[in-house]
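A.B. asks: Spelled out, the chains give:
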Amino acid sequence: MNLRALAALLMRDLRLAVRHGGESLMPLFFLFAVLILVPLGVGPGPNLLAAIAPGMIWVAALLASLLALENLFRPDHEDGSLEQWWLGHLPVTGLVMTRLFSHWLITGLPVILFAPLAAQMLYLPNQALGVLVLSLLIGTPILSLVGGLAAALTLGTNRGSVLLSILVFPLVVPVLIFATGAVSAVADGFSPRAHLGLLAALLVLALTLVPLAVTAALRLNIE
Amino acid sequence: MIWKTLKVGFHRLGSPPTFYRISALISPWLWAGFALCTAIGLYYALYVVPPDYQQSDSYRILFIHVPSAWQAMAGYLVMAILAAIALVWRIRTTEIMAMMCAPIGAAFTVICLLTGSLWGRPMWGTWWAWDARLTSMLVLLFIYLGIMGLYAAFEDRRKGARVACILVLVGVVNIPIIHFSVEWWTTLHQGSTIRFFGESTMHPSMMPPLVWMTVAVKLMFGAVLLDRSRNELLEQDRRKGWVRQAFGGDA
Amino acid sequence: MTSLLEARGVSFRRQGERIFTPLDITLETGSAVVVLGPNGCGKTTLLRLLAGILQASEGQLARHAPTAFLGHASALKGELNCRENLDFLRRFHGCPGISSSRALARTGLTGLGLRPARTLSAGQKRRLGLAGLLVSPRPIWLLDEPYASLDDAGGELVDELLDNHLAQGGCAALSTHQRMPVLATPAQALRVEPAAAEEPA
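Chains A, B and C, in that order, are what the protein sequence lines are.
Under my numbering, the first residue of the first sequence is numbered 1021, with each subsequent residue one higher.
Under my numbering, the first residue of the second sequence is numbered 83, with each subsequent residue one higher.
Under my numbering, the first residue of the third sequence is numbered 37, with each subsequent residue one higher.
Derived by calculation from the structure, the hints in this document are not laboratory data.
Any given hint could be a false lead.
Going by beta-carbon spacing under 7 Å, a handful of chain A positions derived as facing chain C [claimed, not checked]:
{"id": "1", "residue": "Arg-1024"}
{"id": "2", "residue": "Leu-1026"}
{"id": "3", "residue": "Val-1038"}
{"id": "4", "residue": "Gly-1041"}
{"id": "5", "residue": "Arg-1094"}
{"id": "6", "residue": "Asp-1099"}
{"id": "7", "residue": "Trp-1106"}
{"id": "8", "residue": "His-1109"}
{"id": "9", "residue": "Thr-1113"}
Anything over 10 Å on all C-beta distances counts as not near chain C; from chain B, calculated [to be verified]:
{"id": "10", "residue": "Leu-88"}
{"id": "11", "residue": "Val-90"}
{"id": "12", "residue": "Gly-91"}
{"id": "13", "residue": "Arg-103"}
{"id": "14", "residue": "Ala-121"}
{"id": "15", "residue": "Pro-133"}
{"id": "16", "residue": "Ala-162"}
{"id": "17", "residue": "Leu-169"}
{"id": "18", "residue": "Ala-189"}
{"id": "19", "residue": "Trp-209"}
{"id": "20", "residue": "Leu-220"}
{"id": "21", "residue": "Val-254"}
{"id": "22", "residue": "Val-255"}
{"id": "23", "residue": "Thr-269"}
Since this is a predicted model, take the numbers as computed values, not measurements.
Heads up, the beta-carbon is just placed ideally off N, CA and C, and yes, glycines get one too.
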């Protein structure tokens, strides 16, 4: 495997994300917008907020990852960089994984880093905090993988963004259920192991199958 | 060897003019079978089966609800098999047939959800419950809509069909997981668990109409699928030679 | 002379219709082919097909060396400056050639290394694309309209780069509709014929 090419792509993607500045911070702004708006909407009662905290943080993470999807492959498709992947001397599936990894670094990681703060603001019990972060660590890569698949499928269309969310939402239902289930289980004093185990199984499944499907979809779409 | 024969067979059947001819032959028989089975099924369902001691007559909607639910899922399976054949052997007719499954499957999903909701009102006192089966069905509906939307969003019909076929196959892996996760989710949130059939088993007299209606729905699915595929093929190939020949002069 | 790229009876179908009549092409070391034909006859499709970006619907294609493809879109990132773009290509394609600053000098872009690529003119972008071929040299060059939006000096630059490339044992296929390449060893011409609408069997 040509690791230099993968490293070069990752470095360039991150550099572009830094150049875009504000746009790259959108996921984080989004997380906080949700965190502030929902208590304003449902009231500041600690019990209610603590009960809906895992779901809220997870839905925010999901929407944050949706935000950046439209630009995952489209700019590369338009400026001709994407077709360069298929010249034969580059490991395409590796490039796909690299691109999805940079998407996770930009949308998933910031949410994970700020999740403890968000949890405090929503009165999530302290014993559930570790599991929340763990569930985000296992689960957000799945969001990037599934989102990447939707972005690759819709690449050849000219109204991708609405379609993107319709495609992503059914596919991430299990992630949402297992991840929030794990946090709720701990908050209620049960073991989160079963949930987290299933979530990890989903991650393994997504890691094995999604890059192949993304590669096939991109190949069809650049034709 | 077997694969080769199978492949040649598929390709021959997959040639648009052949498909157009054969489907025109089969489709009326499917429609006739559908009409017959529905007539028998409805007769049993409405006159032969006694009213339920708890639900009186309202449970009879089951004879539409359950076959539709089964067909919504079976339709996905048919679509997935067609999509796999289409992606492996690049047969255009199969691509079109796979894509035409989606709206029919979505329609059955909607029928299932609507009848479920109508049934739920007198039964549970609510139009909607976050029951595992209903929720899975709702998610299935969105998967169907996603496939239809993706196919429609491409200008190049062929490319759209092939891309959407990938999504169909992704869905095959995902639907069992979604169903399992939703079931897990409802058992954890015990409060809203409601069982359709409860502890009681089905009365034996309910079997014949259920079987007749199920067969009827399957025949109808086949008939609509063939008709829709023929129309789509005709529209896509309207400028091709075989269409002109079939209709004489310029079609 | 060894052949670097061989195509036998290749064509491409879009929506089931052939784009051009099937073609045979052989690119040997030191040889260049000019792809000619009216607009919309499938020159770009043919080059993309030879590059491996499209899969041939029929015929056989074999490439025996790494390939470089320069398309209408030059695969540059407007937010990055010229030097960063070249540095990326150098590492990405994995066969480092001359340094980015030398490639800039060679293509007449001296002093523009720190300019964001989006601020370049169309001709300068084209030159930057050519510089990309120099920083990661690959034996097979497939150039789609390399003369487009270049001035006379730019056209001569393309010819010069092609001559050097062929002399070093490379090969090239390029499409053009305005200027014919003037090379030390004359390029063969290859005419692409649009496929007539065919009746399915």
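A.B. asks: Next, verify each hint and record whether it holds.
C.D. replies: Hint by hint, here is what the structure shows:
no. : hint     : result
1   : Arg-1024 : 6 Å, holds
2   : Leu-1026 : 9 Å, violated
3   : Val-1038 : 10 Å, violated
4   : Gly-1041 : 10 Å, violated
5   : Arg-1094 : 13 Å, violated
6   : Asp-1099 : 5 Å, holds
7   : Trp-1106 : 5 Å, holds
8   : His-1109 : 5 Å, holds
9   : Thr-1113 : 15 Å, violated
10  : Leu-88   : 21 Å, holds
11  : Val-90   : 14 Å, holds
12  : Gly-91   : 17 Å, holds
13  : Arg-103  : 14 Å, holds
14  : Ala-121  : 42 Å, holds
15  : Pro-133  : 57 Å, holds
16  : Ala-162  : 24 Å, holds
17  : Leu-169  : 14 Å, holds
18  : Ala-189  : 28 Å, holds
19  : Trp-209  : 45 Å, holds
20  : Leu-220  : 35 Å, holds
21  : Val-254  : 25 Å, holds
22  : Val-255  : 25 Å, holds
23  : Thr-269  : 48 Å, holds
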